[in-house]
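Asks: Quick note, the sequences are listed as chains A and V, same order. Every letter in the first sequence is one number past the one before it in my numbering, and letter 54, counting from 1, is 223. Every letter in the second sequence is one number past the one before it in my numbering, and letter 253, counting from 1, is 256.
One or more of the hints may lead you astray.
Computed far set for chain V versus chain A, every beta-carbon distance over 12 angstroms [said to hold, decoys possible]:
| hint | residue |
| --- | --- |
| 1 | Leu7 |
| 2 | Tyr9 |
| 3 | Val37 |
| 4 | Pro43 |
| 5 | Trp98 |
| 6 | Glu165 |
| 7 | Pro172 |
| 8 | Leu176 |
| 9 | Ala239 |
| 10 | Leu267 |
| 11 | Trp286 |
| 12 | Gly293 |
Under 10 angstroms between C-beta atoms, here's a sample of chain A residues computed to sit facing chain V [unchecked claim]:
| hint | residue |
| --- | --- |
| 13 | Lys171 |
| 14 | Ser175 |
| 15 | Lys181 |
| 16 | Ser258 |
| 17 | Glu260 |
| 18 | Leu266 |
| 19 | Pro268 |
| 20 | Glu270 |
| 21 | Cys279 |
| 22 | Arg299 |
| 23 | Glu305 |
| 24 | His323 |
| 25 | Asp325 |
If you are wondering where the hints come from, they were derived from the structure by calculation, not from laboratory data. Keep in mind the model is a prediction, meaning the values are calculated, not measured. We put the CB at the ideal spot given by N, CA and C, even for glycine.
Residues per chain, in single letters:
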Amino acid sequence: MKQPDSVKDIAKNPGQPLAAVAPEDQIPLPPPFDKIEDEPPIPPLADAAKEKYAVVDDTIAVNIPRPESKEEEDKFVQAFLSGLKKLFSKEDNWTFLQPLEMSMQHCAKCQTCSDACHIYQESGENEIYRPIYRSEIIRRIYFKYVKKESTLVHGDIDLNWEVVAR
Amino acid sequence: MTVLPYAVAYVGILVFIIAVIARFIMWSRMPMHVRWELYPVAHEGGGRAKYGGSYLEESEWWKKPRQVSLWGEIKVMVPEIMFLVALKEHNSKLWTRSFPFHFGLYLVGTATALMIFGGVVAGIAPQITDLIGRVLPFLGVAGLVLGLLGAIGLFLRRRGRELKDYTAPADLLNLIFFVIAFGCALATFFLVDRDFALVYFFVQNLVTFQIVALPGSGLAAILPVLSIVLLALLTAYIPLTHMSHFVGKYFAYHSIRWNDEPNLKGGSQEKTIQGLLNQPVTWAAPHIKGEGKKTWLDIAIEDMPEDESK
């Protein structure tokens, strides 16, 4: 199974999918749909698509075009960070501030969400679809780049265009 | 050496109290948030809690008295706190490690509270103080053993394939701290303080502000002091980390999950919401352009600008 080894992989291998789902990895469907040979494979993305857009797996649901320069990339990342800071501001996000901060500070990584997630389970437990894979990325970005707290406490992650776009 | 355990204990307790109060204030100062319609709400009265219902089902509910059941909340919260009921239901593998860890902490906490009480009443009700002394070894040992086994179990789980990548160095350090502190306390019990008399003697002096040297020499002097120092530092450390979730949990239940106060005309909710709707926003999207001037209310009622790209 092609899947990321780590949360930090979200920042690596630009233009390459981090994961791929093959029919044999998935939980079998009930009969009469349980014949793997009848399952159409998910075709890999074309090289042109991988060059042009951000990719996570073999699908592209939102076309986010790759920036044409480093300046454009940095501007995109800074705009993301600016938006992330606003999510934690009383004026800009009172509607969701307390539950969001609660999740940031007290997620115990118990993985109950993973056991309950039908997408993660159906993928054959591909790490990219684990619910907290994504929330852990946001959590680490928040503590490292917004609150500037130690990565020894909250975990480390790099921040680049690839992370934001993926 | 005489003063060290007392000094560290006083500082540890003070830091714990201040940190817990600070975190409580932090959570309580956060603004009202949009309600998550989560049911069942434990305090829902009128028999509706058992099927996840709400007073909002009633026609013209605003004309009828609200039925709020404190007993309904207690019935849910006490077993949840004591036995981690929801965790057992949804993640029993984790419960087998988390429950002994937390229950061990409760027993150690209870033993400590009893020692404090015994110290306070020693002058006026010595028979109570003696009775507590007889119960202490059972509570203390059970708590330390359960807590230690639970901490080791949680540590091993953190090193497993599923959680390794989601574990920061501090997560492991926290558990190692518990293992060392509880392990040292157990070693003290087994080697030099089989009836908990030494630690009880210490706590009685602590609460009556008498700085008296612990009796004994060699290991009998070192181990109790080491245990006390480690446990006091642990006590101070806990609320400074995400292990302060025991404070957050109060708000997780009462503010996020169960706050179902109706927004009635002229009520406190209405006033709070009006204040929040008048907060300025800095949202920079071209169709909003808040710039710190427009409020939530302004944005909600303004006409959308024409889409210039069309």
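Asks: Next step is simple, just say for each hint if it's right about the structure.
Replies: We went through each hint and held it up to the structure:
1. Every CB of chain A lies more than 12 angstroms from the CB of V/Leu7, the least distance being 28 angstroms, so the non-interface label holds.
2. A cut-off of 12 angstroms between C-beta atoms confirms that V/Tyr9 is not in contact with chain A; the least separation is 30 angstroms.
3. Against the 12 angstroms criterion, V/Val37 falls within the reach of chain A, whose nearest CB is about 4 angstroms from its own CB.
4. With a cut of 12 angstroms on Cβ distances, V/Pro43 stays outside the contact zone with chain A, its closest approach being about 18 angstroms.
5. Here V/Trp98 does not stay apart from chain A, with its beta-carbon only about 10 angstroms from theirs, under the 12 angstroms limit.
6. A beta-carbon of chain A comes within 12 angstroms of the beta-carbon of V/Glu165; the shortest separation is about 6 angstroms.
7. Non-interface status of V/Pro172 relative to chain A is broken: a Cβ of that chain comes within 12 angstroms, the nearest being about 5 angstroms off.
8. Against chain A, the non-interface label of V/Leu176 is violated: not every CB pair exceeds 12 angstroms, the least being about 8 angstroms.
9. Here V/Ala239 stays apart from chain A, with its beta-carbon at least about 17 angstroms from theirs, past the 12 angstroms limit.
10. The beta carbon of V/Leu267 sits about 20 angstroms from the closest Cβ of chain A, which is more than 12 angstroms, so the claim that it is off the interface holds.
11. Non-interface call for V/Trp286 relative to chain A: violated, since the shortest CB-CB distance, roughly 6 angstroms, does not exceed 12 angstroms.
12. A beta-carbon of chain A is positioned within 12 angstroms of the beta-carbon of V/Gly293; the least distance is around 8 angstroms.
13. The beta carbon of A/Lys171 is not positioned within 10 angstroms of any beta carbon in chain V (closest approach about 17 angstroms), and the interface hint is therefore violated.
14. The interface hint given for A/Ser175 is met, as the beta carbon of that residue sits about 5 angstroms from the closest beta carbon of chain V, less than 10 angstroms.
15. Interface restraint check for A/Lys181: the shortest CB-CB distance to chain V comes to about 14 angstroms, outside 10 angstroms, so the restraint is violated.
16. Residue-level restraint check for A/Ser258 holds (minimum Cβ-Cβ distance to chain V is 8 angstroms; threshold 10 angstroms).
17. The interface hint given for A/Glu260 holds, since its Cβ lies 4 angstroms from the closest Cβ of chain V, which is under the 10 angstroms cut-off.
18. For A/Leu266, the shortest C-beta to C-beta distance to chain V is roughly 6 angstroms, which falls under 10 angstroms, so the interface hint holds.
19. The interface hint given for A/Pro268 is met, as the beta carbon of that residue sits about 5 angstroms from the closest beta carbon of chain V, less than 10 angstroms.
20. A distance limit of 10 angstroms between C-beta atoms decides the matter here; for A/Glu270 the minimum to chain V is near 7 angstroms, and the interface restraint holds.
21. Because the closest C-beta pair between A/Cys279 and chain V is about 5 angstroms apart, less than 10 angstroms, the hint holds.
22. Against a cut-off of 10 angstroms between C-beta atoms, the interface hint on A/Arg299 holds, since the closest Cβ of chain V lies about 9 angstroms away.
23. For A/Glu305, the interface hint holds, the least distance from its beta-carbon to any beta-carbon of chain V being 6 angstroms, beneath 10 angstroms.
24. Checking A/His323 against chain V by beta carbon gives a least distance of about 6 angstroms; that is within 10 angstroms, so the hint holds.
25. The closest approach between the C-beta of A/Asp325 and any C-beta of chain V is roughly 8 angstroms, which is under the 10 angstroms cut-off, so the hint is satisfied.
The structure fails hints 3, 5, 6, 7, 8, 11, 12, 13 and 15 (numbered hints given earlier, in ascending order).
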